[in-house]
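> Take a look at the letters that make up each chain.
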Amino acid sequence: MRLDEIVARLGGELRGDGSVVVSQVGTLAGAGAGQIAFLANPKYRKQLATTGAAAVIVPPAAADDTALPRIVHPNSYAYYARVVALLNPPAQRPRGAHPSAVVHSPLPASASVGEHVVVGERVTIGEDVTLYPGVVVGDGVSIGDGSVLYPNVVVYRDCVIGARAVIQAGAVIGSDGFGFAKEGDRWLKIPQIGRVVIGDDVEVGANTSIDRGALDDTVIGNGVKLDNQIQIAHNVRIGDNAAMAGCVGVAGSTTIGARCTVGGAGMIIGHLELADDVHVSAGTMVTKSLARPGQYTSIFPLEAHDDWLHNAAQIKRLAKLAQRVAELEKKLEEMEKTN
Amino acid sequence: MRLDEIVARLGGELRGDGSVVVSQVGTLAGAGAGQIAFLANPKYRKQLATTGAAAVIVPPAAADDTALPRIVHPNSYAYYARVVALLNPPAQRPRGAHPSAVVHSPLPASASVGEHVVVGERVTIGEDVTLYPGVVVGDGVSIGDGSVLYPNVVVYRDCVIGARAVIQAGAVIGSDGFGFAKEGDRWLKIPQIGRVVIGDDVEVGANTSIDRGALDDTVIGNGVKLDNQIQIAHNVRIGDNAAMAGCVGVAGSTTIGARCTVGGAGMIIGHLELADDVHVSAGTMVTKSLARPGQYTSIFPLEAHDDWLHNAAQIKRLAKLAQRVAELEKKLEEMEKTN
Amino acid sequence: MRLDEIVARLGGELRGDGSVVVSQVGTLAGAGAGQIAFLANPKYRKQLATTGAAAVIVPPAAADDTALPRIVHPNSYAYYARVVALLNPPAQRPRGAHPSAVVHSPLPASASVGEHVVVGERVTIGEDVTLYPGVVVGDGVSIGDGSVLYPNVVVYRDCVIGARAVIQAGAVIGSDGFGFAKEGDRWLKIPQIGRVVIGDDVEVGANTSIDRGALDDTVIGNGVKLDNQIQIAHNVRIGDNAAMAGCVGVAGSTTIGARCTVGGAGMIIGHLELADDVHVSAGTMVTKSLARPGQYTSIFPLEAHDDWLHNAAQIKRLAKLAQRVAELEKKLEEMEKTN
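Residue numbers (our numbering), protein chains in the order written: chain D, 145 to 483; chain L, 145 to 483; chain F, 145 to 483.
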């Protein structure tokens with residue numbers, strides 16, 4: 145695709161030869177002939193001088209750093225995302241249902257239902273929905289227009305998925321919440337009768353699980369992005385455009401505000417409220433509600449094992465150490481008085 | 145269902161109008177007409193005065209807090225669980241095997257085998273077992289009466305699942321344990337010839353995995369409840385009625401006592417023994433055997449990131465700090481002597 | 145199998161009666177008649193005197209500790225692995241494709257393709273590959289000779305898996321990396337056009353996920369062993385013969401050297417470089433690049449909850465405590481001068 149065609153479609157300011165043709169996107173360091181690279185992180189600015197790319201996408205501040213044909217755009221990273229999408233249209237699956245699929249509900253003609261998919265009764269499938277092989281959609285489920293469910297995704301009965309969802313392989317939506325009442329030594333299962341309700345433009349990662357609510361619903365807001373291996377417990381509510389990296393866990397009935405982010409393996413215990421714009425660092429355990437935006441952290445600093453041994457040993461004596469310091473202060477004060 | 149019918153079935157003491165009809169359970173705050181709410185946590189006791197519920201389930205201590213028709217029961221939470229089950233019977237799947245299922249073993253007439261299920265050879269399926277679409281049951285497996293396996297569950301060859309199991313979607317039972325012998329730089333696989341043996345009344349969460357034993361079996365006791373995204377390694381033994389929240393990991397050959405609980409993302413290293421009634425806090429790493437019941441914790445306290453930076457920086461100097469305090473104590477003692 | 149047959153096949157030095165027949169391997173403590181046990185960990189050496197095994201595998205140092213027929217080998221653990229493999233040949237799945245499989249590419253006659261498997265277009269399947277029921281192989285994938293994919297594994301389009309791979313059930317290879325550009329409040333998806341390229345002799349655990357690269361590939365070296373519930377993000381590179389235990393997470397674009405090991409639930413943030421032979425302890429969070437081999441740790445020590453409460457409370461005052469100690473030191477120094 146010619147540079148001037150890209151700019152015609154996606155906007156931005158063209159500088160240099162607009163007739164240059166690019167067929168793929170690459171990094172500044174790796175791109176070669178026929179490829180367009182991008183500068184988003186100022187750290188890589190020097191690579192503009194040496195890149196083998198045929199053209200580049202740059203922010204205004206770096207517009208004059210190169211003589212290459214270039215597209216200047218204030219959000220060069222988002223622009224890069226759009227160019228990747230333009231040059232790499234998603235694989236088109238055949239329309240209609242594969243003969244091996246078992247479909248108990250009507251489908252729009254635009255839907256693509258792959259091999260061995262199972263669609264239950266009273267299911268609503270939107271336009272241009274793609275169900276990859278092995279997907280299982282329970283009774284009463286609703287899936288919005290343009291959503292893509294990758295192989296072996298499971299959606300339990302009555303759950304709702306909005307438009308343009310991307311659900312990666314092996315994800316489970318609507319499994320029973322972990323609800324049990326103690327009766328003597330035994331655990332008595334509490335049937336989970338809520339649903340999972342997912343907004344529009346949500347992505348759910350591979351092998352992530354989202355439990356249905358106990359009585360009320362588990363709710364995932366619009367534009368939420370969840371990475372792989374995440375666990376969302378029953379009755380969690382996640383605000384619009386929040387994002388969570390891999391291996392995160394959110395325990396039951398916790399509410400997370402809009403635009404929050406949680407780093408990899410961050411964990412949030414149950415029945416908490418996180419305000420909008422709270423950012424939880426990777427590996428951090430959130431044990432209390434957070435009413436103010438900001439970044440929060442709780443990780444033990446990394447050390448070579450032997451150094452760790454020495455320092456960690458002191459943790460168990462920390463309360464005593466604090467006491468000893470207080471006693472020293474007292475004694476010293478008395479000595480000063482005496483002198 | 146009328147209140148007096150519920151009491152006739154489930155026991156408890158009826159107070160007020162037993163002819164009131166309820167069709168669903170709700171929270172005190174959310175319940176409306178035709179719904180029965182419950183008080184389990186004393187924290188919500190005030191909501192009894194304002195609830196819109198048609199009836200309530202209360203413990204004896206709160207029996208006089210409301211004029212609503214009510215059921216009084218000492219374990220109001222367990223009673224609530226039973227009422228939810230009564231009013232929400234599980235979805236009934238059709239009996240018999242769907243034509244798309246491939247079944248290599250005899251099935252009882254009461255079993256329900258869904259679309260695209262695969263049942264291997266020499267498999268024993270109990271009465272009233274439900275296999276949802278996409279379940280794969282390996283050769284020689286045994287599944288007890290009344291068990292339910294949700295979509296895309298995989299049970300490897302020769303594993304044993306007891307009666308009334310509930311296995312959520314995507315769970316894997318009996319994958320190879322992580323056993324390798326080092327040979328020079330390379331890892332030599334040790335075939336895993338043990339099984340997974342699961343007792344009665346066990347729940348296994350979505351996308352949880354339980355590895356088969358190396359030589360002996362991995363054993364999950366009766367009444368054990370495992371949440372989603374859990375990893376149980378080879379030769380782990382979990383005692384009766386233990387419960388583990390989401391994202392927990394238990395490494396190889398560890399034995400966990402009866403009634404133990406592990407909070408979300410708790411991790412237990414290998415070759416340990418945890419006594420009965422040990423409770424591991426969320427996010428806690430168990431690095432040694434625990435011979436006494438009680439609660440154990442190992443998490444770094446949460447702070448705003450900047451505060452964390454200041455305090456965490458000291459961790460690396462903690463051994464030195466302790467030394468400096470010891471030196472101060474010594475000096476002060478000497479000064480006191482001198483004075 | 146007779147002991148002398150085993151030695152003829154696997155090497156090692158036979159002592160005692162080579163005509164003894166063993167049919168299975170057991171632990172020193174558990175083995176009975178017809179079983180061969182092994183001593184690898186010196187801790188169990190005393191059990192040699194009391195084992196009920198018919199024969200044992202021992203290292204040279206313990207060769208004289210028993211009068212039982214025995215095989216002496218310097219790496220008794222690896223020898224044990226080989227004997228287990230010899231006595232427990234892997235289950236042989238039928239050759240050819242089951243009629244319920246949907247296969248869009250040519251297969252070698254030696255391949256075994258199970259029930260409800262889906263193989264896409266332009267797929268290359270090597271000799272003696274086994275695809276268990278429910279496996280989904282995307283278009284353009286390549287799988288090397290002798291690889292085994294257990295039930296419901298998903299391999300996305302264009303990924304490459306080397307020879308002799310073992311992929312446990314529910315694993316997902318090639319899901320989209322977690323790449324989004326921020327645009328105002330919203331996240332814009334960056335199509336992930338790299339692949340996952342896996343070397344030879346790799347094992348991937350149950351429900352583990354490996355994301356495809358954003359522009360370049362995610363690369364798993366030869367001989368790498370990954371346990372269950374692991375998350376490997378886009379553009380991660382893992383060196384040959386590295387091994388990771390369950391629940392590990394590696395964030396995007398991190399490079400991990402050869403022979404590295406990561407203990408259970410270890411987490412490594414993005415854009416780091418770990419040298420060869422780095423060993424990360426269980427539960428450890430790696431937050432910076434590690435240029436030197438060695439073991440690294442970052443875990444909060446475990447305590448009974450009440451003790452933890454006391455000590456953890458001090459963490460938040462640690463910077464102040466250090467300051468107070470510094471002030472004490474200063475004061476004391478001044479007093480010493482004055483005196």
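Quick caveat, the hints were computed from the structure, so don't treat them as lab data.
Please note that a few of the clues may not be correct.
Intra- or inter-copy, both count: the list cannot distinguish identical chains.
Unchecked claim - Calculated lysine-lysine pairs in the DSBU-like style (CA-CA distance at most 30 Å, straight line): (1) K481 x K432; (2) K460 x K333; (3) K432 x K187; (4) K326 x K432; (5) K333 x K474; (6) K432 x K190.
> Which hint numbers does the structure go against, in order from smallest to largest?
Numbers 1, 2, 5 - these are the hints that the structure violates, sorted from lowest upward.
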